[in-house]
Amino acid sequence: MYKTSLKFSIMVTTLALAAVLAAVWLVDIDREHDSQATLLPDRVMTLFPDPKPLMAFALTDDRNRVFDLASLKGKWSFLFFGFTHCPDVCPTTLAVLARARDNIAKSTVGAESIIQFVFISVDPNRDTASKLRQYVDYFDTTFVGVTGDNAQIGALAGQLGAAYQVAITPGVENYPVYHSTAVFLVDPRARYHAVFTPPHDAGAISKRFKVVRELEAGNAT
Amino acid sequence: MRWRDPVIVCLISALSAVPAASAEAGVSVRDAWVRETPPGMNAMAGYMELRNNTSRPQVLVAASSSGFQSVMIHRTIVKDGMAGMVHASQIELAPKASLIFAPGGYHLMLMSPKRTLRAGDRVVINLEFRGGLVLPVAFGVRK
Numbered sequence: 001m002y003k004t005s006l007k008f009s010i011m012v013t014t015l016a017l018a019a020v021l022a023a024v025w026l027v028d029i030d031r032e033h034d035s036q037a038t039l040l041p042d043r044v045m046t047l048f049p050d051p052k053p054l055m056a057f058a059l060t061d062d063r064n065r066v067f068d069l070a071s072l073k074g075k076w077s078f079l080f081f082g083f084t085h086c087p088d089v090c091p092t093t094l095a096v097l098a099r100a101r102d103n104i105a106k107s108t109v110g111a112e113s114i115i116q117f118v119f120i121s122v123d124p125n126r127d128t129a130s131k132l133r134q135y136v137d138y139f140d141t142t143f144v145g146v147t148g149d150n151a152q153i154g155a156l157a158g159q160l161g162a163a164y165q166v167a168i169t170p171g172v173e174n175y176p177v178y179h180s181t182a183v184f185l186v187d188p189r190a191r192y193h194a195v196f197t198p199p200h201d202a203g204a205i206s207k208r209f210k211v212v213r214e215l216e217a218g219n220a221t
Numbered sequence: 001m002r003w004r005d006p007v008i009v010c011l012i013s014a015l016s017a018v019p020a021a022s023a024e025a026g027v028s029v030r031d032a033w034v035r036e037t038p039p040g041m042n043a044m045a046g047y048m049e050l051r052n053n054t055s056r057p058q059v060l061v062a063a064s065s066s067g068f069q070s071v072m073i074h075r076t077i078v079k080d081g082m083a084g085m086v087h088a089s090q091i092e093l094a095p096k097a098s099l100i101f102a103p104g105g106y107h108l109m110l111m112s113p114k115r116t117l118r119a120g121d122r123v124v125i126n127l128e129f130r131g132g133l134v135l136p137v138a139f140g141v142r143k
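Chains as they are written, first to last, in the numbering used here: chain A, 1 to 221; chain B, 1 to 143.
There's no promise every hint is true.
Here's a subset of chain B near chain A, in silico, CB distances under 7 Å, partners left out [claimed, not checked]:
id: 1; residue: Arg35
id: 2; residue: Ala45
id: 3; residue: Thr76
id: 4; residue: Met82
id: 5; residue: Ala94
id: 6; residue: His107
Derived pair list, reagent style SDA-like, types lysine to any residue, alpha-carbon separation capped at 25 Å [to be verified]:
id: 7; chain 1: A; residue 1: Lys207; chain 2: B; residue 2: Gly81
id: 8; chain 1: B; residue 1: Lys114; chain 2: A; residue 2: Val172
id: 9; chain 1: A; residue 1: Lys207; chain 2: A; residue 2: Ala95
id: 10; chain 1: B; residue 1: Lys114; chain 2: B; residue 2: Val141
id: 11; chain 1: A; residue 1: Lys75; chain 2: A; residue 2: Gly161
id: 12; chain 1: A; residue 1: Lys73; chain 2: A; residue 2: Asp102
id: 13; chain 1: A; residue 1: Lys131; chain 2: B; residue 2: Glu36
id: 14; chain 1: B; residue 1: Lys114; chain 2: B; residue 2: Arg142
id: 15; chain 1: A; residue 1: Lys75; chain 2: A; residue 2: Ala56
id: 16; chain 1: A; residue 1: Lys75; chain 2: A; residue 2: Thr60
id: 17; chain 1: B; residue 1: Lys143; chain 2: A; residue 2: Arg99
id: 18; chain 1: A; residue 1: Lys73; chain 2: A; residue 2: Ala217
id: 19; chain 1: B; residue 1: Lys114; chain 2: A; residue 2: Asn174
id: 20; chain 1: A; residue 1: Lys106; chain 2: A; residue 2: Arg65
id: 21; chain 1: A; residue 1: Lys75; chain 2: A; residue 2: Leu47
id: 22; chain 1: A; residue 1: Lys131; chain 2: B; residue 2: Ala119
id: 23; chain 1: B; residue 1: Lys79; chain 2: A; residue 2: Tyr175
id: 24; chain 1: A; residue 1: Lys207; chain 2: A; residue 2: Ala98
id: 25; chain 1: B; residue 1: Lys79; chain 2: A; residue 2: Tyr192
id: 26; chain 1: B; residue 1: Lys114; chain 2: A; residue 2: Thr60
id: 27; chain 1: A; residue 1: Lys207; chain 2: A; residue 2: Val44
id: 28; chain 1: A; residue 1: Lys210; chain 2: A; residue 2: Ala95
id: 29; chain 1: B; residue 1: Lys79; chain 2: A; residue 2: Asn125
id: 30; chain 1: B; residue 1: Lys79; chain 2: A; residue 2: Leu160
id: 31; chain 1: B; residue 1: Lys143; chain 2: A; residue 2: Ala56
id: 32; chain 1: A; residue 1: Lys131; chain 2: B; residue 2: Arg118
id: 33; chain 1: A; residue 1: Lys131; chain 2: B; residue 2: Pro113
id: 34; chain 1: B; residue 1: Lys79; chain 2: A; residue 2: Val195
id: 35; chain 1: B; residue 1: Lys143; chain 2: A; residue 2: Asp137
id: 36; chain 1: A; residue 1: Lys52; chain 2: A; residue 2: Leu160
id: 37; chain 1: B; residue 1: Lys143; chain 2: B; residue 2: Ile100
id: 38; chain 1: B; residue 1: Lys79; chain 2: A; residue 2: Pro199
id: 39; chain 1: B; residue 1: Lys143; chain 2: A; residue 2: Thr197
id: 40; chain 1: B; residue 1: Lys79; chain 2: A; residue 2: Asp123
No wet-lab data here; the hints were simulated from the structure.
Note that the Cβ used here is the ideal one computed from N, Cα and C, for glycine as well.
Please construct the entire structure, taking both the sequences and the accompanying hints into account.
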């Protein structure tokens with residue numbers, strides 16, 4: 001009796017799991033041409049089924065121009081929060097993103113008008129516009145550095161669930177800064193579309209992005 | 001305070017270790033490199049693979065270099081979705097074990113290089129072990 005019910009529950013669980021996996025894996029992207037793309041659930045990316053439209057925020061970019069909600073519209077934006085005095089996580093992530101951008105640009109015509117990479121400094125105290133410009137330029141000249149005051153940064157970070165904490169200590173030059181390690185993907189309608197989780201890999205990011213774009217193109221038709 | 005917990009764990013494990021690194025290099029280092037930084041940045045990170053060839057634990061207690069104002073052993077930890085760095089005052093290498101200093105984990109925090117280091121340069125960093133072993137290691141600067 002016990003054996004039977006255990007078997008039954010394993011079977012039900014297996015079927016339920018299979019159904020969930022099948023639903024996630026197999027997504028029609030282009031019914032007209034009867035082709036299918038597979039989106040494997042993995043640790044690289046979480047794609048939101050119902051992307052959340054972002055609300056107004058106002059930051060300043062590395063050329064002292066306004067960077068706000070409108071700046072996110074019309075392009076896919078990869079957002080990463082960090083600070084320039086960060087020796088390990090930030091340069092590692094930005095180097096990966098630069099390679100991911102290269103990959104995407106190689107297979108995309110007019111990549112410049114389709115994607116943008118934005119480094120948001122949570123340490124405006126040290127990261128001036130000119131420092132940010134110099135910093136992001138080193139990784140990729142198309143990257144944009146952005147910052148603002150704490151409330152301005154919080155207005156965007158809060159909408160993405162990007163945690164950060166700046167422990168400014170008077171008299172201490174190298175105060176600690178804690179920040180989210182995720183890379184956030186905002187779609188051309190300024191909706192929070194997907195999130196990439198570390199450890200980041202350039203090949204994995206560019207491949208997932210290709211699928212995301214195909215899926216989105218399929219949804220639009 | 002919660003950021004310090006791993007340091008305390010490190011300390012406890014290090015304190016319980018059998019002391020003294022052997023005089024002949026019982027510890028070997030592979031793939032030692034420093035990440036080149038964007039211009040104007042004063043904090044660099046060094047990575048390597050440490051191997052304890054002896055049958056006793058070895059404890060890395062400090063690192064120093066004439067090429068930098070200061071060198072510290074750091075570890076990046078991720079907690080509550082945030083990355084932060086904690087200072088590791090010492091690290092124990094188990095007998096015959098390897099320990100990898102890699103992006104997103106253990107690294108040597110290299111503050112204020114005395115001269116600008118570019119890809120292709122080399123800089124020597126001394127690894128100091130409990131018992132007096134000092135291992136000078138040439139780190140290659142990479143992009």
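* To do: Given the hint that Lys210/A pairs with Ala95/A, test it: the Cα-Cα distance must not exceed 25 Å.
  => Holds, because 20 Å separates the two Cα atoms, which is no more than 25 Å.
* Taken at face value, is the distance from the CA of Ala119/B to the CA of Lys131/A at most 25 Å? -> 21 Å, holds
Would you mind confirming whether the straight-line C-alpha gap from Lys114/B to Thr60/A stays at or under 25 Å? Distance ~33 Å between Lys114/B and Thr60/A Cα, so the pair is violated.
**Q.** Hint consistency between Lys75/A and Ala56/A [alpha-carbon to alpha-carbon, up to 25 Å]
**A.** 17 Å, holds
> Does the alpha-carbon distance linking Lys75/A and Leu47/A stay inside the 25 Å limit?
Replying inline: Holds, at roughly 17 Å.
Discussion item. Would the hint linking Lys114/B and Asn174/A be met if the CA-CA limit is 25 Å?
Written reply: Given pair Lys114/B, Asn174/A holds - Cα atoms ~17 Å apart, limit 25 Å.
(Q) Checking one constraint from the list: CA of Lys75/A to CA of Thr60/A, max 25 Å. Satisfied? (A) Status holds; Cα separation ~18 Å.
Take the shortest C-beta to C-beta distance between Met82/B and chain A; is it under 7 Å?
4 Å, holds
Item checked: Thr76/B as chain A interface residue, shortest Cβ-Cβ below 7 Å -> Holds: closest Cβ of chain A sits about 5 Å from Thr76/B, inside 7 Å.
Given pair status - Tyr192/A, Lys79/B, alpha carbons within 25 Å:
Status holds; Cα separation ~23 Å.
Quickly compare the C-alpha distance for Lys79/B and Asn125/A to 25 Å and report which way the hint goes. Answer holds: Lys79/B to Asn125/A is near 24 Å, not above 25 Å.
- With chain A as the partner, please determine if Arg35/B meets the hint condition of a C-beta pair closer than 7 Å. 6 Å, holds
Checked against the numbered hints listed earlier, the structure breaks hints 5, 20, 26, 31; every other hint is satisfied.
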